[in-house]
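Protein chains: 2
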Amino acid sequence: MKLATLKNGTRDGTLVVVSRDLGTFQSAGAIAPTLQFALDNWDATAPKLEQLYAELNAGKAPAAQAFVETACHSPLPRAYQWADGSAYINHVELVRKARNVEVPASFYTDPLMYQGGSDSFIGPYDPIYALSEEWGIDLEAEVAVVTGDVAMGADAALCAAAVRLVMLVNDVSLRNLIPGELLKGFGFFQSKAASAFSPVAVTPDELGGAWQDSKLCLPLNVTLNGRPFGKPNAGEDMTFNFAQLIAHAAKTRELAAGTIIGSGTVSNKQGNLHGSSIENGGVGYCCLAEVRMYETIENGKPATSFLKFGDSVRIEMHDDAGASIFGAIDQRVALYEGRK
Amino acid sequence: MKLATLKNGTRDGTLVVVSRDLGTFQSAGAIAPTLQFALDNWDATAPKLEQLYAELNAGKAPAAQAFVETACHSPLPRAYQWADGSAYINHVELVRKARNVEVPASFYTDPLMYQGGSDSFIGPYDPIYALSEEWGIDLEAEVAVVTGDVAMGADAALCAAAVRLVMLVNDVSLRNLIPGELLKGFGFFQSKAASAFSPVAVTPDELGGAWQDSKLCLPLNVTLNGRPFGKPNAGEDMTFNFAQLIAHAAKTRELAAGTIIGSGTVSNKQGNLHGSSIENGGVGYCCLAEVRMYETIENGKPATSFLKFGDSVRIEMHDDAGASIFGAIDQRVALYEGRK
Numbered sequence: 001m002k003l004a005t006l007k008n009g010t011r012d013g014t015l016v017v018v019s020r021d022l023g024t025f026q027s028a029g030a031i032a033p034t035l036q037f038a039l040d041n042w043d044a045t046a047p048k049l050e051q052l053y054a055e056l057n058a059g060k061a062p063a064a065q066a067f068v069e070t071a072c073h074s075p076l077p078r079a080y081q082w083a084d085g086s087a088y089i090n091h092v093e094l095v096r097k098a099r100n101v102e103v104p105a106s107f108y109t110d111p112l113m114y115q116g117g118s119d120s121f122i123g124p125y126d127p128i129y130a131l132s133e134e135w136g137i138d139l140e141a142e143v144a145v146v147t148g149d150v151a152m153g154a155d156a157a158l159c160a161a162a163v164r165l166v167m168l169v170n171d172v173s174l175r176n177l178i179p180g181e182l183l184k185g186f187g188f189f190q191s192k193a194a195s196a197f198s199p200v201a202v203t204p205d206e207l208g209g210a211w212q213d214s215k216l217c218l219p220l221n222v223t224l225n226g227r228p229f230g231k232p233n234a235g236e237d238m239t240f241n242f243a244q245l246i247a248h249a250a251k252t253r254e255l256a257a258g259t260i261i262g263s264g265t266v267s268n269k270q271g272n273l274h275g276s277s278i279e280n281g282g283v284g285y286c287c288l289a290e291v292r293m294y295e296t297i298e299n300g301k302p303a304t305s306f307l308k309f310g311d312s313v314r315i316e317m318h319d320d321a322g323a324s325i326f327g328a329i330d331q332r333v334a335l336y337e338g339r340k
Numbered sequence: 001m002k003l004a005t006l007k008n009g010t011r012d013g014t015l016v017v018v019s020r021d022l023g024t025f026q027s028a029g030a031i032a033p034t035l036q037f038a039l040d041n042w043d044a045t046a047p048k049l050e051q052l053y054a055e056l057n058a059g060k061a062p063a064a065q066a067f068v069e070t071a072c073h074s075p076l077p078r079a080y081q082w083a084d085g086s087a088y089i090n091h092v093e094l095v096r097k098a099r100n101v102e103v104p105a106s107f108y109t110d111p112l113m114y115q116g117g118s119d120s121f122i123g124p125y126d127p128i129y130a131l132s133e134e135w136g137i138d139l140e141a142e143v144a145v146v147t148g149d150v151a152m153g154a155d156a157a158l159c160a161a162a163v164r165l166v167m168l169v170n171d172v173s174l175r176n177l178i179p180g181e182l183l184k185g186f187g188f189f190q191s192k193a194a195s196a197f198s199p200v201a202v203t204p205d206e207l208g209g210a211w212q213d214s215k216l217c218l219p220l221n222v223t224l225n226g227r228p229f230g231k232p233n234a235g236e237d238m239t240f241n242f243a244q245l246i247a248h249a250a251k252t253r254e255l256a257a258g259t260i261i262g263s264g265t266v267s268n269k270q271g272n273l274h275g276s277s278i279e280n281g282g283v284g285y286c287c288l289a290e291v292r293m294y295e296t297i298e299n300g301k302p303a304t305s306f307l308k309f310g311d312s313v314r315i316e317m318h319d320d321a322g323a324s325i326f327g328a329i330d331q332r333v334a335l336y337e338g339r340k
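Chains as they are written, first to last, in UniProt numbering: chain A, 1 to 340; chain B, 1 to 340.
In case anyone wonders, no lab produced these hints; they're calculated from the structure.
We treat Cβ as the ideally placed atom computed from N, Cα and C, and that holds for glycine.
If a hint is listed, it holds; no wrong ones were tucked in.
Each computed SDA-like pair below joins lysine to any residue, with the alpha-carbon atoms no more than 20 Å apart:
hint: 1; chain 1: A; residue 1: K215; chain 2: A; residue 2: D237
hint: 2; chain 1: B; residue 1: K7; chain 2: A; residue 2: N41
hint: 3; chain 1: B; residue 1: K340; chain 2: A; residue 2: A151
hint: 4; chain 1: B; residue 1: K184; chain 2: A; residue 2: T109
hint: 5; chain 1: A; residue 1: K184; chain 2: B; residue 2: E102
hint: 6; chain 1: A; residue 1: K184; chain 2: B; residue 2: S106
hint: 7; chain 1: A; residue 1: K184; chain 2: B; residue 2: K251
Examples of chain B residues lying across from chain A (beta carbon under 8 Å, computed):
hint: 8; residue: M113
hint: 9; residue: L174
hint: 10; residue: E254
DEER-style ranges, computed between Cβ atoms:
hint: 11; chain 1: A; residue 1: E133; chain 2: B; residue 2: T10; range: 43 to 53 Å
hint: 12; chain 1: A; residue 1: E298; chain 2: B; residue 2: E337; range: 46 to 56 Å
hint: 13; chain 1: B; residue 1: K269; chain 2: A; residue 2: T109; range: 34 to 44 Å
hint: 14; chain 1: B; residue 1: A303; chain 2: A; residue 2: E298; range: 47 to 57 Å
hint: 15; chain 1: B; residue 1: R339; chain 2: A; residue 2: A323; range: 35 to 45 Å
hint: 16; chain 1: A; residue 1: L335; chain 2: B; residue 2: D43; range: 22 to 32 Å
hint: 17; chain 1: B; residue 1: K308; chain 2: A; residue 2: R20; range: 50 to 60 Å
hint: 18; chain 1: B; residue 1: A44; chain 2: A; residue 2: T70; range: 27 to 37 Å
Next up, chain A with everything else stripped away, as it sits in the complex (with noise of 0.2 Å):
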């Protein structure tokens, strides 16, 4: 099924469950005022959650209404865990490989993680605000799981089967922070803004064979100032899945209902610089720090410049058919003039 939360002027939102082609919507408030509910009561809310989606697919749903993406905030606008990984290895090797230094063979066999802001997550059309372009504002396209309650020391297939929903994510990074930040030793935390998550939330069973061993494989498209920027393949190149994810996070505490693990920049393997953007035939990027690193490889310096005030980042996946999944993440960097 596919579920989304609908901006109603709370910290929350509202939950509701989304058609299957993303047309129309009907409030889920009676089974499940919002997804954490929905989350924290799986067993109970899950099955009636069901049967209103497949009324709403047959058109069924006595008080169906026009789904509208931009109405949308985040499924979870605030969540009590979000925890990042950085499974695409490619993306670790690019990194080092700019800085020339080797990667750790653990790499390979202990994930990467840090832990990461969530009580003020942004809508997927909110724009991502900041306070300077000094601070080098990069998007990071992923894909992240919702799991359900997980306890500690939890096997992968225990953690595979913790999985609730998938969805996309921008895990916006303030580049030039980062290697302060990193040199202290205690991790990212300035250096990480608000995340934005795609409108749609969407069952593990509705992904059909797209959901593989714990991977999500299709492309997951990037669009930047309106020009094709990424399409790499979130199944690929995957060195860590979900369910292993979500096990290193659980290996010395119990994980609640409503975590969200995310899988760290999507990204390929691929062949040079000059290979690997869209439009000479490769696969693109999903952020542009991987650009600069390649630019760094073969160039000795980055050459592409992060996000400015006004440019536009839109985030989206498509099945088969070319249907949109998610929904998308389509977002403007703007200056941030106070709360809202």
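Could you slot chain B onto chain A? The hints should help.
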């Protein structure tokens, strides 16, 4: 006023107002079902909670009952953000000295802070569960504040005014997992177990003269297996106060109401190993790592072991008259045997 969350079988518990002397409580359910709800709607809920608190202290609350700390969950059993600073630079200086490396000059002007897991805190009297003693289980006794909404880029004065509640925390760390995790560069993740907070959270006005310049100026009492272990003053040697820590967290993103900001392990500057323990006239320690650092600096290697299954930790703070302000965090280390 003083607030607490009683366990009631739900994920968020139920909000109660607690009398100043921790003797009685009354349900706040008619005002706010949970502490997060109260924080989400603070301007509306706080005056009503204050009124109930006044009635309770005057012995006029209509349904007061005896308050029992062991019935409490952490004030926020789960939160949307838990960011922990490392504001007592003495602790960092000892860490570095034990490793024979300099403290970077920037550490005195730019706070260290990591993003912690906040999806499932444990209660103040709950066991500290782990799967292995080999993880190097350690306590970290700290002070923490809960904020209201904070704008991106808010200055320290605005951040000082955003402090809604103050509480104590045991930020359990898995010391033997830290070196490997820090080498990976993404900060702490598996090396941080679930934290526990004091039974009671209090508004800053409740602390009177002990709340000065966004610092809590009282000794933090730590007992290990029933013996005094630490009593450093949390108002001394705090290089960054809570207003500065909140401003650090809000530099590039908004903070939502209910954000918890921690001080890091409380640590006072002292003499050497034998002068620093309580039995030798010092103020002792708020974590085992600090004893081990003194031992390493003076004897070349640590001698004190981390916590074992069955060990107990108690963290509490008293006012000038000797009364417990927040109630106690009182935990025993135990083998994890599955979700409760």
